[in-house]
Amino acid sequence: SQQGEEDPQALSIQEGENATMNCSYKTSINNLQWYRQNSGRGLVHLILIRSNEREKHSGRLRVTLDTSKKSSSLLITASRAADTASYFCATDRSHSGNTPLVFGKGTRLSVIA
Amino acid sequence: DAGVTQSPTHLIKTRGQHVTLRCSPISGHKSVSWYQQVLGQGPQFIFQYYEKEERGRGNFPDRFSARQFPNYSSELNVNALLLGDSALYLCASSLTSFIVGELFFGEGSRLTVL
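Top to bottom, those sequences are chains L and G.
Our numbering applies: residue 1 is where the first sequence begins, and numbers increase by one.
Our numbering applies: residue 1001 is where the second sequence begins, and numbers increase by one.
Some hints here could point you the wrong way.
What the hints assert, rightly or not - Sample of chain G residues with no beta-carbon within 12 Å of chain L, all distances over it, derived:
(1) Pro1008
(2) Arg1015
(3) Gly1016
(4) Ser1027
(5) Lys1052
(6) Pro1061
(7) Asp1062
(8) Arg1067
(9) Glu1075
(10) Asn1079
(11) Leu1081
(12) Leu1082
(13) Leu1090
(14) Ser1094
(15) Leu1114
What the hints assert, rightly or not - So the derived label-pair ranges between C-beta atoms look like this:
(16) G/Leu1083 x L/Leu61: 30 to 40 Å
(17) G/Leu1039 x L/Arg80: 22 to 32 Å
(18) G/Pro1070 x L/Thr20: 43 to 53 Å
(19) G/Phe1060 x L/Asp7: 37 to 47 Å
(20) G/Asn1079 x L/Ile112: 43 to 53 Å
(21) L/Ala78 x G/Asn1079: 47 to 57 Å
None of these hints come from the bench; they were simulated from the model.
Backbone N, C-alpha and C fix where the C-beta goes; we use that ideal spot for every residue, glycine too.
Use the sequences and the hints to build the structure in full.
Below, the structure is given as structure tokens:
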């Protein structure tokens, strides 16, 4: 089963614009992670935000976490054509036991040059 | 340093056959997880192994099995293949015994069942 649900399913923007993707989840988490996948290849870890954190930055990436709403957002600023990929949120509920990282269905981002 | 390596990268099988997929984790990583990703979906957890012991299993039938070797490499076996087993199979390694923190993924093995 999938814990996280990304929104929107697909997003198309012009180069230079900002892209915002949202993730909602159902149960309490230890941390939430965002991954990127280029065209059916392996996933690459982007950023991890712990349940006691509200915002985190990494380069052009900004992630927020609202545990009261059980939601997170990923903002990519000044997007580039190379940012075209699928983005997945993944929730870690390991504080509840030895549970796996659970991925959402992803948001497909297209950045048009 | 080499990342997570998987083999084969692509393979085609027919229904009823079996398949073995292989994974070598990053040097020093003792945990290996397997995920199945059907086209258009997110990865679904299949197994996690740590120190050669199964530490987690997803909602997959007994046709799926795995093991981890003393060098921490891993195999995923699928018997009696069905059309629905067609997917990208991803291996991920991590440092710790619990499935927490960052996962490092390989490029995957794309299985097509005809």
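Hint check results:
1. Pro1008: Per Cβ check, G/Pro1008 is outside 12 Å of chain L; nearest 15 Å; holds.
2. Arg1015: holds (23 Å)
3. Gly1016: For G/Gly1016, whose nearest Cβ neighbour in chain L is about 26 Å away, the distance exceeds 12 Å, so it holds.
4. Ser1027: Holds, since 17 Å exceeds 12 Å.
5. Lys1052: Holds, because the least Cβ-Cβ distance between G/Lys1052 and chain L comes to about 16 Å, which exceeds 12 Å.
6. Pro1061: holds (16 Å)
7. Asp1062: Label holds. Min Cβ-Cβ 18 Å, cutoff 12 Å.
8. Arg1067: holds (18 Å)
9. Glu1075: holds (18 Å)
10. Asn1079: holds (22 Å)
11. Leu1081: holds (20 Å)
12. Leu1082: Its Cβ never comes within 12 Å of chain L, the nearest being 20 Å, so this holds.
13. Leu1090: violated (6 Å)
14. Ser1094: With a cut-off of 12 Å, G/Ser1094 comes too close to chain L, as the shortest Cβ separation is near 9 Å.
15. Leu1114: Nearest chain L Cβ is 19 Å from G/Leu1114, so the label holds.
16. G/Leu1083 x L/Leu61: 30 to 40 Å: holds (38 Å)
17. G/Leu1039 x L/Arg80: 22 to 32 Å: holds (26 Å)
18. G/Pro1070 x L/Thr20: 43 to 53 Å: holds (46 Å)
19. G/Phe1060 x L/Asp7: 37 to 47 Å: 27 Å Cβ-Cβ, so the 37 to 47 Å window is violated.
20. G/Asn1079 x L/Ile112: 43 to 53 Å: This hint holds: roughly 45 Å between Cβ atoms.
21. L/Ala78 x G/Asn1079: 47 to 57 Å: Distance hint for L/Ala78, G/Asn1079 holds at roughly 49 Å.
Hints 13, 14, 19, counting from the list given before, are not met by this structure.
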